[in-house]
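Participant: Chains as they are written, first to last, in the UniProt record's numbering: chain A, 1 to 279; chain B, 1 to 313; chain C, 1 to 335.
To be clear, the hints were calculated from the coordinates, so they are not data collected in a lab. Careful, some of the hints might be misleading.
Unchecked claim - Going by beta-carbon spacing under 7 angstroms, a handful of chain C positions derived as facing chain A:
1) ASN27
2) ALA40
3) THR49
4) ARG52
5) ASN54
6) GLN56
7) SER57
8) ARG70
9) GLY198
10) GLU200
11) ALA219
12) TYR220
13) GLN223
14) ALA285
15) THR289
Stated by the list, open to error - Straight-line distance between alpha carbons at most 25 angstroms, and here's what the computed DSS-like set of lysine-lysine pairs gives:
16) B:LYS275 with C:LYS181
17) C:LYS179 with B:LYS275
18) B:LYS275 with B:LYS51
19) C:LYS288 with B:LYS275
20) A:LYS6 with B:LYS212
21) A:LYS227 with C:LYS47
22) A:LYS8 with B:LYS212
23) A:LYS42 with C:LYS225
24) B:LYS220 with A:LYS100
25) B:LYS62 with C:LYS181
26) B:LYS275 with C:LYS258
27) C:LYS179 with B:LYS62
28) B:LYS197 with A:LYS6
29) B:LYS62 with C:LYS124
30) C:LYS181 with B:LYS46
31) A:LYS6 with B:LYS207
32) C:LYS294 with A:LYS227
33) C:LYS88 with B:LYS46
34) B:LYS275 with C:LYS88
35) A:LYS8 with B:LYS197
36) B:LYS62 with C:LYS258
37) C:LYS286 with B:LYS275
38) C:LYS232 with C:LYS207
39) C:LYS181 with B:LYS51
Values in this document were obtained by computation on a predicted structure and should not be read as measured data. Note that the Cβ used here is the ideal one computed from N, Cα and C, for glycine as well.
Here is what each chain is made of, one letter per residue.
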Amino acid sequence: MTREQKRKIEGSVALFLSTMAAFFGLFWLVFILGDVLIHGIKALNPSLFMNDPVPPGAEGGGLRNAFVGQLLITLCATLIGVPIGVLGGTFLAEYARGRKIARLISVLADIMVSVPSIVIGTFIYALLVRPFGHFSGWAGAAALAIIMIPVVLRTTEDMLSLVPWTLREAAFALGAPYYKVITQVVYRGAATGILTGILLSIARVAGETAPLLFTSFNNSFFSVDMKQPIASLTVTIFQYAMGPYDSWHEQAWAASFVITLFILLLTITGRLIIRLRYK
Amino acid sequence: MARTAKKNPVDMSFSFITAVASFSVIVFIIGILYVLISESSLAIGKFGVIKFVTSTDWDPVKESFGALTNIYGTVVTTIFSLIISIPVAIGIAIFVTEISPNFLKGPIGVAIELLAAIPSIIYGMWGLFTLSPIMSNHVEPFLKKIFGSVPLIGILFQGTPMGIDILTASVILSIMIIPFTASISRDSFDLTPAVVKESAYAIGATKWEVVKNVVIPYSKLGVFGGVVLSLGRAIGETMAVAFVLGNNHRITTSLLDAAATITVTLANEFAEADKDIYLSALFYLALVLFVMSFITLAMAKFFLIRAERKYSR
Amino acid sequence: MKTFLKFALTLALVFSFTHGYAAESLNGAGATFPYPVYSAWAFDYNKVTGIRLNYQSIGSGGGIRQITERTVDFGASDAPLRPEQLNKDRLLQFPAVVGGVVPVVNLPGVKDGQLKLDSDAVCKIYLGEIRKWDDPRIKALNPQIKLPNSDITVVHRSDGSGTTAIFTNYLSGICPAWKSKVGAGTSVNWPAGIGGKGNEGVSNYTKRTAASIGYVEFAYAQQNKLVYVLLKNPAGNFVEPSFKTFEDAAATANFNPKEDFNLWLVNAPGKNSWPIAGATFILLAKEKTASNKKVTVFFDWAFKNGDRKAQELIYVPLPAALKDKVRGYWKTNGL
Chain A
1 MTREQKRKIE
11 GSVALFLSTM
21 AAFFGLFWLV
31 FILGDVLIHG
41 IKALNPSLFM
51 NDPVPPGAEG
61 GGLRNAFVGQ
71 LLITLCATLI
81 GVPIGVLGGT
91 FLAEYARGRK
101 IARLISVLAD
111 IMVSVPSIVI
121 GTFIYALLVR
131 PFGHFSGWAG
141 AAALAIIMIP
151 VVLRTTEDML
161 SLVPWTLREA
171 AFALGAPYYK
181 VITQVVYRGA
191 ATGILTGILL
201 SIARVAGETA
211 PLLFTSFNNS
221 FFSVDMKQPI
231 ASLTVTIFQY
241 AMGPYDSWHE
251 QAWAASFVIT
261 LFILLLTITG
271 RLIIRLRYK
Chain B
1 MARTAKKNPV
11 DMSFSFITAV
21 ASFSVIVFII
31 GILYVLISES
41 SLAIGKFGVI
51 KFVTSTDWDP
61 VKESFGALTN
71 IYGTVVTTIF
81 SLIISIPVAI
91 GIAIFVTEIS
101 PNFLKGPIGV
111 AIELLAAIPS
121 IIYGMWGLFT
131 LSPIMSNHVE
141 PFLKKIFGSV
151 PLIGILFQGT
161 PMGIDILTAS
171 VILSIMIIPF
181 TASISRDSFD
191 LTPAVVKESA
201 YAIGATKWEV
211 VKNVVIPYSK
221 LGVFGGVVLS
231 LGRAIGETMA
241 VAFVLGNNHR
251 ITTSLLDAAA
261 TITVTLANEF
271 AEADKDIYLS
281 ALFYLALVLF
291 VMSFITLAMA
301 KFFLIRAERK
311 YSR
Chain C
1 MKTFLKFALT
11 LALVFSFTHG
21 YAAESLNGAG
31 ATFPYPVYSA
41 WAFDYNKVTG
51 IRLNYQSIGS
61 GGGIRQITER
71 TVDFGASDAP
81 LRPEQLNKDR
91 LLQFPAVVGG
101 VVPVVNLPGV
111 KDGQLKLDSD
121 AVCKIYLGEI
131 RKWDDPRIKA
141 LNPQIKLPNS
151 DITVVHRSDG
161 SGTTAIFTNY
171 LSGICPAWKS
181 KVGAGTSVNW
191 PAGIGGKGNE
201 GVSNYTKRTA
211 ASIGYVEFAY
221 AQQNKLVYVL
231 LKNPAGNFVE
241 PSFKTFEDAA
251 ATANFNPKED
261 FNLWLVNAPG
271 KNSWPIAGAT
281 FILLAKEKTA
291 SNKKVTVFFD
301 WAFKNGDRKA
311 QELIYVPLPA
321 ALKDKVRGYW
331 KTNGL
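Isolated chain A (complex conformation) (with noise of 0.2 angstroms):
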C-alpha cells in the first residue's frame, strides 16, 4: 500500500466514525423523544391545561395550576438571573479582561456550574425561607436565578472572547466609550452565542426539581401569589411519578411530554430568530 492510500483510507475511516458519532447522538434523542412522546400523547387532553388537580379517583383533574406556576417561577427567574448573568460575563470578559479576577471569578462560575442544585435549594431555604417563616414562590425563582447565573455568565464570557479584537479597535478609532462599543459593537456580535446560552439555563432550570422542594415548595391548589408556595411542574411530576395511582402515571408523561416540548420549541425558536435576524 503506498502512502497515498494508507492516507485515504485513514481519512474515510476517521470521517465515517465521525458520521456514526453524529448519528448515535441523533439515535438518542429520537429514542428519548419518541418515548415521552407515545407515553405523553395518550395522557394528553384539554382538560390538563384548563383543570386543577382532583384527587386520585376522580375524574377530569388536570394540572393548571403546575404550568402557570411553572411559568411564573421560571420566568421570575430569568428575569433575575439573565441580566446578572450576561453583566457579569461582560464584566470578564471586557472590564477586567486578562485580569487575575477575572480569572478567579470565571473558575468559580464553572464551580458554581456543578453543585449540587439541592445544596441550593438549602441555601436559598436558609436565606429566603426559614428568615420569613414560610415557603414562597419568590425563593424558588432566586434558587433557579442562582442556577443560570453561573452559567450565562461563562457563556457571556466566552462568547464576548470570540469577538475578535479588531472590532473593538475600529470602533474604539470612532471615538466611542467602552460602553457603547460593548453594548452596540460587541454583544452584537456575540448575540448568537449568549442567546444561546440563556436558552440553554433556561432549559437547565426549568427542568430542575431538587431546587424547588424546600423553596417554592408546591401547591394543589390554583396561585399565582409569589409570596405563598406555589405550584411547579416538576415537583408534581416527581410527586405523581412516585404514586401509586395510574392516572397520577398518566398526567406525570403527560406534563413530562409538554415540559420537553415547550423546553424544545424554545430552543428552536431562539435558534430560527438568531438564523433569520443574524445570517
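With the hints as your guide, set chains B and C onto chain A.
Facilitator: Same frame as chain A, but now just chains B and C:
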C-alpha cells in the same frame, strides 16, 4: 485604550454594575460554603475529616457515616461517562463542521442541542422505565458473555445484570453530556480561520488531515473547555442518576453492580433524614462534593492556562 | 428617593395583606405515604368550606424539620416522635390514618396469599441467612407448595422512607439478631439484596426479577397486582393484608394520648392483626394555637366525613375509639 475610555461617567457606572454582577458569583459561593459548613458542623465535629473521607461506613441507624463509597461512585460513573461521551461528541463536532452537507448542518446542530435541553428528571424517568430494562435484558448479558471471562476486563462485568447499576448510570450521564462537549467543540472548530485550513488543503492535505493537524490543534482549548463543562455537569448531576444507580453504599468492582454517588445519596436520603447527625452527614457529603469539583476544575483550569501559554508562544 | 421607598413599602404591605386574606389557606408538609389521602380530603374540604389545605409530600424527615422550624402550619411523619423530643421542640402529635406494609414475592406458580412466612423466616431472608427458596425453614411453613431451588433476590428501598422505618421496626421487634446487627430507621445498612427507589422501584424490581421478595405499601401491592404473602402475627395466626387486619392492629394497639400516641403499630397483639401496620402522624407547633385550631377542625371533619374516601384510596381510617382518643388529646391541649 480602555483606560482613556473609562473616564466617561456612563462608562464608569456601567463597568461598576458589571463588576457587581460578576462578584455575585463570589457572594453565592461564600454563602453556599457558609451554609454547607455550618449545617455539617455537627458531623465534622463527630467524624473529623480524614476519618469521614476514608470510611466506607454508611449506617444511619448506628449513626456512623463515611463518604468513601459515595466518592468512589461519583468518580467511577463520571470517568465511564466521559469515556463514552468524548469520542462521540468530538465525532459529532467533526461531522457537523467538516463533513455534513450544508443543508444538514443546522438541523443536526439543533438536534444535538435539543438533547441538552431535555430536563434531567425526564432522563431519569426514561432511564428507569425504558433504558434500564433494555440494559438488563440485552446489552448487559451481551457484554457479560463477551468480556465476562476475559482476564482483568472481566472483573468489570461480574454479577447479575439488573439494569440498575454503574453502567446504566454512566450511559445516561454520557447521553446527557454529549451535547455540551459537542456544541462547544463545534463552536471552537468553526473558529479555525478558513485561510489556515485552505493553505493546508493547498499543500495537498486530505480532509481528515486538515481536521487532525489544523482544526483540532487550533481549537483544542475550546474542546477541553467543553470537556470540563461536561465533567462538572456529570459530577453534579442528580435526578437522572438517582433513578438508575440503586443507592448501594458498597465499593464494587463490577459495572453491573449498584452503587451510590454523592448526589444520588443526597437525592435519596435528604428528604427522609430524621436525625440531626444524619442530616448533618448529608450536608458534609455535599461539602465534600463541592470541594471535589473545586479541585477537579481548578486542576483543569491550571492545565488550560498552561496550554494557552504554550500555544501562544 | 425616600418618598418612593415609602410608597413601595406601602404598596408591598397592601399587596401582602390582600393576598393573605384572599383565600384562607393552611400549609402542611411531610410524609409521602399519606399524601394521596390528605390531598383527597383537602380537595373535598375546599369544596365544602373554601379553605385551602395545601399538603405536600417532602418526606417524613422533611416534615419534622419544617414544623420544627415553623415554616409550615403542620408537619406529617410516618415515624412517631418520642415525648421528650416533642417537648424539646414544643410539638403536639396525633395519628391521622393507618396503612400497612406488605411483603411481596415473585415466585413461578405462587399466587396471592399462598406463601406463608413467619417472623423468623422474613428476618433471616432479609439478613441473608436464608438464601434459597427451598430452605427447610420456608418449606416447613409451606408443605403444600413446591418451592424452587433458586437463590432469593432480596429487594429493599434504596431511598430513605417511612415504609422502611415501619418494616425495620417490625423486624427489630421480632428478631433480636436484626435488632443488634441492623436496627430500625428510615434508611438502614442492608445486609443483603438490591435497592429500588421508591415503592415504584421496589415494585418494578420484584416484578422483573424471578425468585425475588420485596416490601411495599399496601396500596402499591394492590395497584401493581403483586403477589402478597401471609404472615404469622404475634397471636400465632397467619393473616393476610387487608383493611380488616390493619384495622384490627390499630384497634388492639395501645395508643396512649399521655405519651403523644408514640407507638409503632407493628406486631400488634390482636388475634387478626396484620403485624406490619403503621399509623402516620400529624405534628403541630404548640404555640401556634390559631392555625392549630384550623388544622384540628380539618381533621375532625376528615374523621367524620373522610372514611369512605380513605378506603377508596386503600388507606385504613382510624377506629372510632382511637378517633375519640385523638379528640380528647386536642381538648387537653386546648384545641
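Participant: Hinted pair, alpha-carbon criterion (25 angstroms max): LYS179 (chain C), LYS275 (chain B). Please report holds or violated.
Facilitator: OK: LYS179 (chain C) and LYS275 (chain B) at ~18 angstroms, within 25 angstroms.
Participant: What's the verdict on LYS288 (chain C) and LYS275 (chain B), does the C-alpha distance respect the 25 angstroms limit or exceed it?
Facilitator: The given pair, whose Cα atoms are some 24 angstroms apart, holds under the 25 angstroms limit.
Participant: Restraint: THR49 (chain C) near chain A, CB-CB cut 7 angstroms. Satisfied or not?
Facilitator: violated, 13 angstroms
Participant: Would the hint linking LYS181 (chain C) and LYS51 (chain B) be met if the CA-CA limit is 25 angstroms?
Facilitator: Cα-Cα ~22 angstroms, so holds.
Participant: Can the hint on THR289 (chain C) be confirmed by a CB-to-CB distance to chain A that is less than 7 angstroms?
Facilitator: violated, 16 angstroms
Participant: Given the proposed pairing of LYS42 (chain A) with LYS225 (chain C), does the C-alpha separation stay at or below 25 angstroms?
Facilitator: Holds, at about 23 angstroms.
Participant: What's the verdict on LYS275 (chain B) and LYS258 (chain C), does the C-alpha distance respect the 25 angstroms limit or exceed it?
Facilitator: The hint holds at about 24 angstroms.
Participant: Measure nothing beyond the straight line between the CA atoms of LYS62 (chain B) and LYS258 (chain C); if it is 25 angstroms or shorter, mark the hint as holding.
Facilitator: violated, 29 angstroms
Participant: Just to be careful: measuring from the Cβ of ASN54 (chain C) to every Cβ in chain A, is the smallest value less than 7 angstroms?
Facilitator: Interface hint status for ASN54 (chain C): holds (5 angstroms vs cutoff 7 angstroms).
Participant: Could you grab the alpha-carbon distance between LYS88 (chain C) and LYS46 (chain B) and see if it respects the 25 angstroms cut-off?
Facilitator: holds, 22 angstroms
Participant: Does the interface hint hold: is GLU200 (chain C) within less than 7 angstroms of chain A, judged Cβ to Cβ?
Facilitator: holds, 6 angstroms
Participant: Mind checking the CB of SER57 (chain C) against every CB in chain A and telling me if the closest is under 7 angstroms?
Facilitator: holds, 6 angstroms
Consistency with the previously given hints fails for numbers 3, 14, 15 and 36, ordered from lowest to highest.
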